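Given next are the chains, with one letter for each unit.
Number of protein chains: 4
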Amino acid sequence: MIAGTEASAAAAARFKAVRDATLALCEPLEVEDHVIQSMPDASPPKWHLAHTTWFFETFILSEFVHGYEPVDPSYRYLFNSYYMGIGEQHPRPQRGLLSRPTLREIRSYRAVVDLRMQELLARATEEREEIERRTLLGIHHEQQHQELLLMDIKHFFSVNPLHPVYKPGAPARARSASHLEWLEVPGGLREFGHDGDGFAYDNESPRHAVHLAPFELASRAVTNGEYLAFVQEGGYKSPEFWLADGWAHVVQHGWQAPLYWKKMEGVWHEFTLQGLRQVQPEEPVVHVSFYEADAYARWRSARLPTEFEWEAAARDAAVAGNFVDSAAMHPRPADGSGLQQMFGDVWELTRSDYAPYPGYRPAPSALGEYNGKFMCGQYVQRGGSCVTPQEHVRVTYRNYFYPFQRWNFQGMRLARDVG
Amino acid sequence: MIAGTEASAAAAARFKAVRDATLALCEPLEVEDHVIQSMPDASPPKWHLAHTTWFFETFILSEFVHGYEPVDPSYRYLFNSYYMGIGEQHPRPQRGLLSRPTLREIRSYRAVVDLRMQELLARATEEREEIERRTLLGIHHEQQHQELLLMDIKHFFSVNPLHPVYKPGAPARARSASHLEWLEVPGGLREFGHDGDGFAYDNESPRHAVHLAPFELASRAVTNGEYLAFVQEGGYKSPEFWLADGWAHVVQHGWQAPLYWKKMEGVWHEFTLQGLRQVQPEEPVVHVSFYEADAYARWRSARLPTEFEWEAAARDAAVAGNFVDSAAMHPRPADGSGLQQMFGDVWELTRSDYAPYPGYRPAPSALGEYNGKFMCGQYVQRGGSCVTPQEHVRVTYRNYFYPFQRWNFQGMRLARDVG
Amino acid sequence: MIAGTEASAAAAARFKAVRDATLALCEPLEVEDHVIQSMPDASPPKWHLAHTTWFFETFILSEFVHGYEPVDPSYRYLFNSYYMGIGEQHPRPQRGLLSRPTLREIRSYRAVVDLRMQELLARATEEREEIERRTLLGIHHEQQHQELLLMDIKHFFSVNPLHPVYKPGAPARARSASHLEWLEVPGGLREFGHDGDGFAYDNESPRHAVHLAPFELASRAVTNGEYLAFVQEGGYKSPEFWLADGWAHVVQHGWQAPLYWKKMEGVWHEFTLQGLRQVQPEEPVVHVSFYEADAYARWRSARLPTEFEWEAAARDAAVAGNFVDSAAMHPRPADGSGLQQMFGDVWELTRSDYAPYPGYRPAPSALGEYNGKFMCGQYVQRGGSCVTPQEHVRVTYRNYFYPFQRWNFQGMRLARDVG
Amino acid sequence: MIAGTEASAAAAARFKAVRDATLALCEPLEVEDHVIQSMPDASPPKWHLAHTTWFFETFILSEFVHGYEPVDPSYRYLFNSYYMGIGEQHPRPQRGLLSRPTLREIRSYRAVVDLRMQELLARATEEREEIERRTLLGIHHEQQHQELLLMDIKHFFSVNPLHPVYKPGAPARARSASHLEWLEVPGGLREFGHDGDGFAYDNESPRHAVHLAPFELASRAVTNGEYLAFVQEGGYKSPEFWLADGWAHVVQHGWQAPLYWKKMEGVWHEFTLQGLRQVQPEEPVVHVSFYEADAYARWRSARLPTEFEWEAAARDAAVAGNFVDSAAMHPRPADGSGLQQMFGDVWELTRSDYAPYPGYRPAPSALGEYNGKFMCGQYVQRGGSCVTPQEHVRVTYRNYFYPFQRWNFQGMRLARDVG
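Residue numbers (the working numbering), protein chains in the order written: chain A, 585 to 1003; chain B, 585 to 1003; chain C, 585 to 1003; chain D, 585 to 1003.
Be careful, since some hints might not be right.
When chains are identical, the list treats them as one kind, so a pair holds in a single copy or across two.
[Unchecked claim] No farther apart than 25 Å at their CA atoms in a straight line, the calculated lysine to any residue pairs in the SDA-like style are these:
1) K847 with H674
2) K821 with H747
3) K600 with R899
4) K600 with R861
5) K751 with E788
6) K751 with T709
7) K821 with V835
8) K847 with Q816
9) K821 with A886
10) K847 with C610
11) K821 with E849
12) K847 with R660
13) K821 with P798
14) K846 with V835
15) K847 with V835
16) K600 with Y652
17) K846 with D900
18) K600 with S885
19) K821 with Y661
20) K847 with R676
21) K751 with L843
To be clear, the hints were calculated from the coordinates, so they are not data collected in a lab. Quick caveat: nothing in here was measured; it's all calculated off a predicted structure.
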């Protein structure tokens, strides 16, 4: 273990870096952009800026700074997301009705909390260990919101008929995607979950044994071109490929293609953070729901992997790839041979429901509401995407969404049974 | 008739005054405020600024300026409210999802259209008469949106837990309201509607005969204090006072008091453009629906007047009172004797459904969609309110809302049968 | 005035006749048919049988028979429609969830109440006048439910893919409809409403003066053939003909033709109480909403009459025509010249909202909930239909429905302004 | 393998027994009861009678009887539940709008199909094996609908204010429930799923290895008395015990206790197939959702078992207990020591989502729509209930419902981690 002061300095530096990164993501936005909430699942950028700050103020400053006076008492209510242990929350679907506090006021809120946090981190206190533990949690929490911020910006730009561009400039040139190989993975009894080394969320523990049958995994993610064949050959009109819930959803919502796809004069276009452009066949398909991924896989006589199959295959891969750090802001074609794209580009949908690992215990206090209470009706995704901060992800990292959700940067990799 | 040039100069001056007045109403707003749409009935301030401009661009510049190039072709779609004759519209409930165009861009849009309008009005053209007729219509249209702007601002501020203040400063001191008198109005056959002198909307015509029975009319509007008695004596829990539709609405929406009333620690407060304050008993009650007004009247063994009864009584009153021009932004207590408050303070709910006058003909072209197509299921209000521009109102002016709507500054004056 | 005993015998005979007529309408039904409620507006036949009985038990037997024991105390709640003064009601949309009491039990309920009513009517009591007044009201109430019964049967048969037939047999042969004439009706100040002679509902009073402008009225109702032209020439795709509310409804519900019209292999069919058959061009169009009638009239450069225009024109016509008494159960083509079909065939939609007449007072007690509390948002219809009992209708009779409702046998007659 | 004729005779006998049993369950019903659908999840008894018949007609008679003429061609559409491979279906929520075909007609449909089935089963044909395989599937299908029938009857009786009784007579006398013991189950790698001996649904295969950690399992189901403590100590008001989805559901639907519990004058009552009676503390709690079971377990510092934990513990238990065969129609108190009630009484909720076993393949043809397409968002239940036919259940049997559903006879048994 490194010495206290050094550790604190490192924590403070990391804290600053992450807080600055959030503001940097808002650079391309106008003041007006910060206000918009385009659906109940999403939040206005202004809210993300405030809520991540609220996290540090509520769980650290208010508890560890003697006599701490909140910047504004109303923020405890306004910027609480879902922590029942903290108290009531402003209703989620109404986050976009708040013009006040203004962006200026929220930036000022950030500045004050950052200052007090730096003071606290610089101070030697008995509770330093717990403070740093929570600061680290707050940093990971903020990284998640950096990804949400980009997801939410993309969504509200997409519903604007002016098709605003978040990041000007041509997308990475589309090369042809690498050939799809089926890689064999042997079965057997193995250990999965966090081994205790470094930071992890509580939902990655405890490490435990799972027995796998041997299976085959695709070498790369499904591409737009492959998915387009499904669309064009009537995939969205053929109930036989769909889960019953999925088909009901397709009919009710009139789905005909992935979210953000739009047919214009006979040509499929896709709204991206670089604006509206033609669908590039070589790029991984993105913004498909679990329902769509499952139907596509069945159409291909394949299936989605379980989260354990994914983790078994990814175990030896480096956590590297097209993350937000590349600034591409869009998945890129696979380019190579063997197992590719396990990390970055698109979150990979699995067929595993988001369930507690055997022996799972949520963290104590309101912080324990972070993960466990969402373990129902959602499906696990693995590996991170082109809008995930690289250092946020691990091989054991479990992301999760409902089977009908699509605004996350999620795609899929196929698996199939052996024999 | 005044000479052409003079008339044009007058039209130009009036145009400028009204356009400036709209911007002045936005002075107290932050950039963020301009984006909010807090319910489907309301629109963001930014949208009002653009739509009123769109009206001049679409119905005047595009038609009378040879080779006119729209400021932005997408605005024709984005800022069309409901004119089917012009083409499709951006869906009304999604006006609050548009961060772009920015406020800066919309102000620039206003500036350019204003300039081109001034140029056009200064030019002698054969179509001057039609141009001035439409300009006048556009001016009245913009005045309506000035009122809507204040209604909508009040609404979105009201749903913000921070209770923002639009206009700081204490409200007018509440004096005691004048005594309620019942004034007799004789019956008989009379003429109603616009007599052709000066501007009027098509829905005020043709002038026609209606037979009235004699009736009594209250000398002033119902006050908060009077309405509070209804609230406190169980008015919202007693189906016998309510229309069937009204009672169903009360139960479904949990209504317990007028919109913007809020009980805090046992005391009724009211959200106003000056912020949240205690309900002042002397002030006219405002933001009650037709349902509530009708129930209250029944509880008082009275009724609402018809629009013709109102017009008969108001015929000799001056169009003067507490309009937006007073900058009070809230209704004031009645103060005097005899017939008071017929104009200004609160729109007065009538029991008349909004129907075409016998022989009514809508204006030709898309401009004919202004009034006639709303003649179903709505009820007429008369006399203007504290947020109406004074010069916008006439004794024959017909405003109209659905019986469940409340965000308009509307109140009521009682009537009763004679004998 | 006729002597007491004679009057009572007459009342008893009329009571019996109407009660029998209700059961006769249920003759063609199976037990299973009595249970169905196919939409919240409709009620199961079983419920109509019970509710009309409840009316006599609640408002007469329970009040005028000393020590009366209700047949079943739970019926007071189960079969109350909307009389708040009587107490809570079983929720209207859940009437179709009640398999019990069985049809057998409800028929027995009817038998017992009928017996007790006959005993009461035969007895000389001090309250005879009030008893007979209420019996008469109960009789008219039951006649209304006879019509509702047929409306509701037609509706639930229509949603059954088996297209059950209520009344077998070919419909009246379709002759060609008579030529449409425009009949002039002079204007002036006239009296409208019930003159006090014979039974009338409270909503037909008081008689009062209304000033009419001269107008023209069509000699007969609009036919299927005429309406079909509107359908085929794009009437349901052209917002310019529609009220704003009407157009929104058309779009939301995908209306393309009157209720019960169904295009099969390119040919318009119509579901009737005789089953599914081709639309007959000569018959009056029926089951159009106020929205559709208004749009059709505008397309024809005409309009709907007001209820006073209708009453002025109908004043001298005999209350005769195709009522339920003819057993045709469907409107018939007009056949003659001059003013035809003012009574029977189809309820005639007017542009008058259902409002209280000047000086209107509802009846005292819970019976006063019969009419007044529905005076909001509905439109008046006049003249009765092919499923109305002939003796139920008068020239002053006001029926009323919401502008979007269609399951009533309602059609229209055009009017237009003069000059 | 037994000889063909004998086997056929056995199949025919079993077919007859199951078909008769369905009719026997309808004995206590009135004609009217057969029509009711009290919620979209439920179906009218008449529909169950027809649909189970449709299954034999569609999958056996139509395919294996040369020149078979369907009893009524419209039934193919009307009584298809969800088999897309067969064609369109009458919309599920509208099953309760069909008064026709009548009960008499449907009983006749059953009689004809039964006759043709018996003829077919008696005939020696080349396809005998497949016919018997499908007959067996149809028998199991019909047994499932016998359970659904009782669930649906209970539900529509429960919403009738008259509280009809399905099965008169006192419930089994409530003895005290046996003491709750925690039984240890060792961990390790074991095989789960159907071993190929006897009938099983496709979702029970393939048999495969799962690694379990050691755990403890409760000796009996949770009782009403135990659950009541949770209710009374504020369980339904404490978000901290609930999954996020569960809490949202509790708030939205105002849940305060299990389905069918009703507080009357301070005392909790429960609607049962024997009518309304006081909650018996010794009986197993029934009609709780997955959300409620999960919250209750958390409150008790325990959890639900996984389906594999349940199967591991049940492996050596006899498939015996309080099934529909006992005619109790309600769960009974546990009575004994050691592992009790694994079968019968209440379906036992597990924390396992309903997912395909590794290597799962649905059956070919439309019959393959039986199970696989529902593998999303539902949770597995094990062991059968007091309304399940005993011979329908196996140790590997997987039942499944959504986490918010409650009308199934489902309860829970607690588990907890070791160490």
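Verification of the hints:
1. K847 with H674: between (38 Å within a copy, 19 Å between copies)
2. K821 with H747: Answer is neither: 29 Å inside a copy and 29 Å across each miss the 25 Å cutoff.
3. K600 with R899: neither (31 Å within a copy, 57 Å between copies)
4. K600 with R861: Neither: 36 Å inside a chain and 43 Å across chains, both beyond 25 Å.
5. K751 with E788: neither (34 Å within a copy, 51 Å between copies)
6. K751 with T709: Classified as neither: same-chain Cα gap 43 Å, cross-chain 48 Å, threshold 25 Å.
7. K821 with V835: The answer is both: 9 Å in one copy and 24 Å across copies each meet 25 Å.
8. K847 with Q816: within (12 Å within a copy, 31 Å between copies)
9. K821 with A886: within (19 Å within a copy, 45 Å between copies)
10. K847 with C610: Neither, since 30 Å and 40 Å both go past 25 Å.
11. K821 with E849: both (21 Å within a copy, 23 Å between copies)
12. K847 with R660: between (44 Å within a copy, 22 Å between copies)
13. K821 with P798: neither (33 Å within a copy, 47 Å between copies)
14. K846 with V835: Cα proximity of K846 and V835: in one copy and across copies (18 Å, 23 Å).
15. K847 with V835: both (18 Å within a copy, 23 Å between copies)
16. K600 with Y652: within (21 Å within a copy, 53 Å between copies)
17. K846 with D900: neither (38 Å within a copy, 57 Å between copies)
18. K600 with S885: Neither: 48 Å inside a chain and 40 Å across chains, both beyond 25 Å.
19. K821 with Y661: between (46 Å within a copy, 20 Å between copies)
20. K847 with R676: Between copies only: 24 Å across, 32 Å inside.
21. K751 with L843: within (19 Å within a copy, 43 Å between copies)
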